[in-house]
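Colleague: Residue-level listing of the chains:
There are 2 protein chains.
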Amino acid sequence: MSKTLQNIKLAVDAIVFGYQQNELNVLLIKQKFDGDTDQWALPGGLVQNEESLTEAVNRELLEETGIQLQYLEQLYTFGDQLDRDHRGRVVTVAYFGIVNPKGMEPAAGSDADEAHWFPISEVPILAFDHTKILDVALTRLQAKLNYQPIGFDLLDEQFPFSDLESLYRTILGKEIDRRNFRKKILSFGILEETNEKRKIGSGRPATLFKFNKNKYKELEQEGFSFEIKFA
Amino acid sequence: MSKTLQNIKLAVDAIVFGYQQNELNVLLIKQKFDGDTDQWALPGGLVQNEESLTEAVNRELLEETGIQLQYLEQLYTFGDQLDRDHRGRVVTVAYFGIVNPKGMEPAAGSDADEAHWFPISEVPILAFDHTKILDVALTRLQAKLNYQPIGFDLLDEQFPFSDLESLYRTILGKEIDRRNFRKKILSFGILEETNEKRKIGSGRPATLFKFNKNKYKELEQEGFSFEIKFA
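For the record, the sequence lines run as chains A and B.
Residue 219 in the numbering used here sits at position 20 of the first sequence; the count goes up by one each step and never skips.
Residue 220 in the numbering used here sits at position 21 of the second sequence; the count goes up by one each step and never skips.
Isolated chain A, as found in the complex (with noise of 0.2 Å):
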């Protein structure tokens, strides 16, 4: 053990998405301690003595945004950069989720002077490594589409099969095969087709789809994995 008496600070940080019909964003604050800096970051702040991680994560997007998760996912503790920091040595543990941001006007709480959504492409350099952190978070949440239905919670109950496509399209950033997408989608059987039609666009009304939850815990349970590949 270290013979001189450890000062490192220990923070959370949270990335939150949002996603809304063909935009990704993310919620970013104006910090109103940071006097020096005039620079967006990622909510986030000092662990308490007597609070658990998840609630640091949890207390501080609230305080800063006024927003809530119903899940935050750890994603990675950023320890490595003794200087990320330039207030002292801060190890920061990293946790992000992905919301429908709809009815979530985010209000910039004690700490913050400033929070809002950011479209992805429009995020500007960031405080500390944020802009780092953000960037695998993303790559994160990229890679998740491809094994975990994380998307479902995303779109309204019932849904044409472009809205999914969309999504996917979106949040990967890249055009996707779509007659491979469907075919593979639907190939799992976790998506039921409703009797209802939405009409889109001039085209034909489009067959609406529901997911199956408990088919798909049902498809995990006996290992399943829902993976999708991208040509």
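Since the hints were derived computationally from the structure, they do not count as laboratory data.
Put simply, identical chains are the same to the list, so a pair is met inside one copy or across any two.
Listed next, the in silico DSS-like pairs over lysine-lysine satisfying Cα-Cα at most 25 Å (straight line):
id, residue 1, residue 2
1, Lys-373, Lys-383
2, Lys-396, Lys-382
3, Lys-382, Lys-414
4, Lys-383, Lys-343
5, Lys-416, Lys-373
6, Lys-343, Lys-416
7, Lys-382, Lys-412
8, Lys-301, Lys-373
9, Lys-396, Lys-412
10, Lys-301, Lys-343
11, Lys-301, Lys-412
Following the hints, position chain B against chain A.
Modeller: Okay, now just chain B, sitting in the frame of chain A:
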């Protein structure tokens, strides 16, 4: 930010798996300075002020076991259970890796009384929350087998196919469908048949295979995902 001074210590722990023909081991130590327990634990300790997390875990591992790994991967940061260490609040960043332990005899160093490889099936109840941490690491290792060719580093450069089968069977802790496994692995094109054969037991000599790392890297860049399903 917290109004009171933060009083949380930051540690690292290493879960080092050793694989040899038909046996999965994990590296454990007995701590010298933990007077009131006689329990085995994972190698690890507090992070020093001037070292990165990666440096810390490698240093602790070397100090306590004499063993060094080329690569340790960050597993998870355990900080939700406030009393996981009875000496005060400690959050630990766990790293894991796997090696061929041939020629790697642990030598208990300055901080440890004993250091040994334990077969996974014979691991005693560990100190702190280390039983849980080991469990998370094993689950991650098993999951990785399904999408990364980690296994190949643990075999001889040329190996009969049955060695690869044993590796999967041993780490997953269950029988696998040999025929499907062989078909799937060979379909990836990342194994090369050599002209060498080896006599195993009383049967016909078995063809030896070689892992084609260049081919794997090539496929990986094309978005190939090494995916094996076990029914």
